[in-house]
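From first to last, the protein sequence lines are chains A and B.
Following this note's numbering, the residues of the first sequence are numbered contiguously, the last one being 362.
Following this note's numbering, the residues of the second sequence are numbered contiguously, the last one being 1364.
No lab work stands behind these hints: they were computed from the structure.
It cannot be assumed that every hint is accurate.
[Unchecked claim] Coverage of chain A stretches by chain B, computed from C-beta distances (three or more under 8 Å per stretch; other residues unrestricted): (1) 96–107; (2) 110–121; (3) 129–140; (4) 170–177; (5) 211–225.
[Stated by the list, open to error] Pulled a few chain B residues facing chain A out of the computed Cβ check, cut under 10 Å: (6) A1105; (7) G1132; (8) T1211; (9) T1290; (10) A1296; (11) S1344; (12) P1364.
[Unchecked claim] Derived, one-sided and incomplete: chain A residues facing chain B with beta-carbon distance under 7 Å: (13) T203; (14) T355; (15) Y356.
No residue lacks a Cβ here, since even glycine has one placed at the ideal position from N, Cα and C.
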Amino acid sequence: MKKDFQLKLAGLLLMTALLAFTCGKEGNDDGSNPGSTDAFKSAMLVNYADNLIVPAYTDLNNKLGALNSSVNAFLAAPSELTLAATREPFKAAYLSFQGVSVLYFGPASAQLLNNYINTFPTVPTRIEKGIETGTYNFNIPQNSDSIQGFPALDYLLYAPDAVNKFSGVGAAKRKKYVQDVLVRMKTLVENTLSQWNGPYHHTFIASLKTDVGSSIGSLVNQFAYEMDALKGPRIGWPFGKQSNGIVFADKCEGYYSGISAELAIANLSSLKNYYTGANGDGIADYLVLLKKQDLNNAVLAQFDLTLAALNAIPKPLSAAFVNNPALVEDAYKQVQKLLTLIKTDLASATAVQITYQDNDGD
Amino acid sequence: MKNALFFCVLGAVVFLSSCEKEDEIQAYTVPTTYTFDNVEYKESAARISMWLGYTTYLGRSIRKVLSQDTVNYLWNNSNAAYTADVASNIPYPHTEINKLTFNLASKSADVNTFKAYADSMVAVSKFFNRPGAKGVAGKIGSRLFNYTGLEFNQAVAKGLMGGLSLYNINAILDKIPSDDNTIVVAGQGTAMQHNWDLAFGYVGIPANYDTTTAYTSAMENRPLALGGYFAERGKYLKAGGLVFEAFRKGRAAIVAKDYKTRDAAIATIKEYLEKTVAASAYYYVTTPQTQVALDAKFHSLSEGFGFILALKYRDVSSKLTPANYQTLLDIIKTNFYTLAEDPSNTKLKQAQTILTNAYGKLQP
């Protein structure tokens, strides 16, 4: 998803980056803010690391452990009952991933975590071919067609005749594939978590500037990136925003399990949580410190409007694309508004340059 | 020998003092475009067009296996190798280039190095159809990387901005003060004027360059190569306007024999061309720190690789020390997958610091 996504938005992104550039100049030229805000920023980053980020990865790690157990129980004795027992753990783990999705910098970026475990849509034909031949390489970065991670499990575990497919002769290869997918997901998340518990923790909390590569810069960039993902691959594209209104429901995140809407809502709720800093100081409080109270109010209000609009869509999302297009359209518009607030207004207020796109023409 | 030298020195002194006695330089104006009598710089400007054709062909590796013969012919400008596909809508299109007797190979610094990078792109192009990964050459997204994540065509394209442009411009400007400025050759002016014009041609900007114009690739007379990076990465430094002004001022000063102004222009040109390369290198060791998609990240790093190669051709008076330059090279020659696996971007941050310490603030 990511590559197409970036290319198609490149023009808009470039403009935004330039805008952020220009606006940033009225603030602090070197990306460092006056010393007086350093203590605040330091405490804020500690709050992010210790109260939000590490707990989020720990939760995902635990949920993946539970998912792994339930899936292994199913693989050991495939039945409707054991399959049903994987449903909740799958959903819990996938929802938990939404709580770390925005953290795609530092350790996650170094592991290419998001790329490997949640590039969607998945490509059933390639997965089936991999199972058939026993030849697949999970170390190749995905661009648009995924054969691993949550999207692969979504396809494999929610197939209409899953119990049959995992039973009897010939199911061994399919079982191995699922186990390989899970082992890889666990390894990537464990590595990411251990880096956050290792030296990167210090790197993150000691980075008090807002320039490219700084902690605040990374957070704001990823806020915008997640909003772009919500507007594009999570809702807009399957809804037909890039295909003249022709719906591609099967391109949804979590299409087979039918939890696309829940995932989108979890993603946005988590994003709001990161924006506010939950019970501690976050970017929201940083804006107040910078005397941008009005912007902060506008962002918070838009978060709520957008969440309400997403909640108003009947589930599953894939059906709502066709049956309730007006509600989806409204949510899409709210997402766009929030995206603009974050990507231009918030970025410029914090003197952060949006850099995640490939804006190069050559 | 000794006597000859003595007379040279004596001559220079006499000349200088006679200048001082005359005490004034005729008033002259500096035109807003690079328009003077007897201006001619086809050789250098055409090499910039060749640069575009050559590097465009190397870029075709994303969709086909490159021909080693073609790469050789383009480099040597033989066998009518330039085609409409790679060299159109530029000051010297393929039809013109193919008629010329000069080439890139004869005027680029470190020819063997740059040729080897280009040849490596040919070798890697065999894998344009398979996915790349750590230790495996191939495609990631729409880009083609070697087994360490490097795009060789970027090493060539950006590296030659130093090895072709910066190198030749600095060499010419170093020689300018000793060039003859009295014997006018019709159409070319004096040796000093002609060489100055040749230096201008290596910058890659049009004679009517305008920093406020939003140039597009549809425009035939657009900034190319290093000149294209004034707007792309040298904006914060305002390098494009400064370099263009210095070239016009210096050329007018040469006509008026105002050597003080000429020498000031030489200093400005050298400083800001080098800083443009440095600012580009800075940008491409900075941006990848927040890029997560490997194709975007490695593309940036590949550009950084090329621009750091280009910094080799900085002026002798450069504030970037040889030791620090070597550190930059070591950093950017690290396997890009290894760089990507460091969540703290320690090495890239070190590169940023080296560049900022040497040149001051390079980007907003």
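Hints, verified against the model:
{"no.": "1", "hint": "96–107", "result": "holds (count 4)"}
{"no.": "2", "hint": "110–121", "result": "holds (count 5)"}
{"no.": "3", "hint": "129–140", "result": "holds (count 3)"}
{"no.": "4", "hint": "170–177", "result": "violated (count 0)"}
{"no.": "5", "hint": "211–225", "result": "holds (count 6)"}
{"no.": "6", "hint": "A1105", "result": "violated, 23 Å"}
{"no.": "7", "hint": "G1132", "result": "holds, 8 Å"}
{"no.": "8", "hint": "T1211", "result": "violated, 15 Å"}
{"no.": "9", "hint": "T1290", "result": "holds, 5 Å"}
{"no.": "10", "hint": "A1296", "result": "holds, 4 Å"}
{"no.": "11", "hint": "S1344", "result": "holds, 4 Å"}
{"no.": "12", "hint": "P1364", "result": "holds, 6 Å"}
{"no.": "13", "hint": "T203", "result": "holds, 4 Å"}
{"no.": "14", "hint": "T355", "result": "holds, 5 Å"}
{"no.": "15", "hint": "Y356", "result": "holds, 6 Å"}
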